[in-house]
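Number of protein chains: 2
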Amino acid sequence: MNHNNVCQMLGIEIPVFGFSHCRNVVSEITRAGGMGCLGTAYYTPEQLEIELSWIDEQVGSKPYSINMLLPQKFETVGEPLSFDKLPQAHVAWQKKLLDDAGIPHLPESERDRLLNDELAQMHLTPEFADELLEVVLRHPNIKMVVSALGSPPRHILDRLHAHGIKVGAMTGKVQHALKHKEAGLDILIAQGSEAAGHTGVVSSMVLWPEVVDAVAPIPVLAAGGIGRGRHMAAAFALGAQGIWCGSIWHGTRESDLTDEMKQLLYKARSEDAVQTRSKTGKPGRMLRSKYTEAWVQPDAPATLPMPWQNVLNAEARLRIDRARALDYMTCPVGQIVGTINNESSVRQVIQDILEEFVTTVEQMPLATGLENA
Amino acid sequence: MNHNNVCQMLGIEIPVFGFSHCRNVVSEITRAGGMGCLGTAYYTPEQLEIELSWIDEQVGSKPYSINMLLPQKFETVGEPLSFDKLPQAHVAWQKKLLDDAGIPHLPESERDRLLNDELAQMHLTPEFADELLEVVLRHPNIKMVVSALGSPPRHILDRLHAHGIKVGAMTGKVQHALKHKEAGLDILIAQGSEAAGHTGVVSSMVLWPEVVDAVAPIPVLAAGGIGRGRHMAAAFALGAQGIWCGSIWHGTRESDLTDEMKQLLYKARSEDAVQTRSKTGKPGRMLRSKYTEAWVQPDAPATLPMPWQNVLNAEARLRIDRARALDYMTCPVGQIVGTINNESSVRQVIQDILEEFVTTVEQMPLATGLENA
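Chain order of the listed sequences is A and B. Using numbering that gives the first Met the number 0, the first residue of the first sequence is number 0, and each one after it goes up by one. Using numbering that gives the first Met the number 0, the first residue of the second sequence is number 0, and each one after it goes up by one.
The list treats identical chains as interchangeable, and a pair is accepted whether it falls inside one copy or across any two copies.
Derived BS3-like pairs (lysine-lysine); straight-line CA-CA distance at most 27 angstroms: (1) K180 to K281; (2) K180 to K266; (3) K165 to K180; (4) K178 to K266; (5) K178 to K165; (6) K165 to K142; (7) K261 to K289; (8) K95 to K289; (9) K94 to K84; (10) K178 to K142; (11) K281 to K261; (12) K84 to K289.
Source of the hints: derived by calculation from the structure; they are not laboratory data.
Chain A extracted, bound-state conformation:
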């Protein structure tokens, strides 16, 4: 596959990109010849340095990538956060929900520390982003930085380019893709609405070829709903030059999700990955749980705007996870969850994808009836 444009641009062997918050997953994808991408949204510069150094050690000279929040406008995300500013009716409704379910409170002795740790992770300022960038530039194996929040500011783009780093961005809409093209980005990840977390509303089938045509000749990676070789073949048929997977790694032994959460994912069907505002206030796809369902009942308050819903649910999440309250546990996951049915490994997932991909592509002329037409 080394004649693939994207492979040549980034110096990788196979056009398989994998997003994860888990460094083991990122390094294994990279070691397998693809490109792992570490999600760094909630890292301090010190934590990021530790993670990147660890990955460097695993991957030798192989290139990898990271996903960063590089917002054009910091004022919208820099608002000082505090639990005291939450609407009390929301706090009370959520508390009653968990109390009624018999989910224990956080121990008084640890509560303040735990909650403040959560708040610290939601902190983002321009200075902070600059510090993170300094860390990134000290790790020369990083060959791509992907912006999770629109096109990065010009000075950051220039700085990354000066270091030989390609810059990409997620997009769920043709209009945004055109802005990324105008901003001078090198690669786009078109993510359909079936993906995990925040997405646009347009599905992969419709979105990918639209974005491919709109930004040509900029290469496009296909994201959203991908976990098999058939999906990879479809991605190429639709004009993408590589695939970008996130949820499919949740089922691997390298994933740092808890065993309880993995078991829930193995059992889930595609339709159990639901769009919910209960985590961040914006619609994001997550595993259906009694917590996500509670937020769409008639008695539920309206979810809070970003980032306040995140602040609100921090305590709920801590309580649920500590209590291992299976019915209430959730995590971001795409509709591909229905395909994740038992534990695998990153290597196995990639091997399975490539094998089915090659078979599918080779059989296409026959399958379509073209060969004998």
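We have chain A already, so just place chain B on it with the hints.
Chain B in isolation, oriented as in the chain A frame:
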């Protein structure tokens, strides 16, 4: 393409299926070598006879198909309907919405007749379905009947089979597909959430291969988000044996949509095909309009359950369409609407799809880098 399984099963030349309520579209798809499928939800037996006879004349000996409501349980759809039973608060809210927009009332002299015509179209009983079936069986060019409401009752399935008619059903969920398989259906149409009208929540990318694997060796047609050859190639990559398109015909000169509606569709983007409960009470994908938007504003009442929401909006639809109130006009359409940008013809749409399909399939090994690997 005559070695394609589905083409052999149904005696057609190309595995392109087209659903439409418009007989001109159905006959043109059929004449082009595909299989048109007439949506018959709102026909009386007399009307159906007229439509089918007209199609027969156009298509010569070519086979075509129809889509029917063949519910297992009629009591759920046989409830007597009446405008008087609508909640008055809903009627008043909707009236104010249109009055405030300056959309004229229906002329008093015609109002009762127009509304009663609407009600008559929503009428469905077992006897009525049997009469429709008798009409169908008098038209031997009909080689497939597609059930729009679950698996058809056993006696209807047997009757159709005895006449050499294949029976298919729409499905948006693996669990439903398995029920169709068990019921003895011949072909399934897996329809992703990007499609027009009522759908499941699972997108085409995820749904198609799931259904293909679940019901093999029953052939699966891919529906939802298809309007180009790239989509057709993706459908085959994902294991489907044909494509089923609905919305793409809206932009053709054969479509009986009004010119105003066609112009709205040409301008619309993919994300303008929104899920709304405002038409039937169940989520269905339609063109965003001030009417669909009004129903999700904070002051809007909850939509009524099926079929009452349909009864409620009948008058609104009549008022809006008669007034040619562009901002309030809507119609069922899938996300492929973003690809429909100017008037075409059924022949041209099919030719474009096939040309891009053949090119895509032929270039796949090179595009993926496999050829030089």
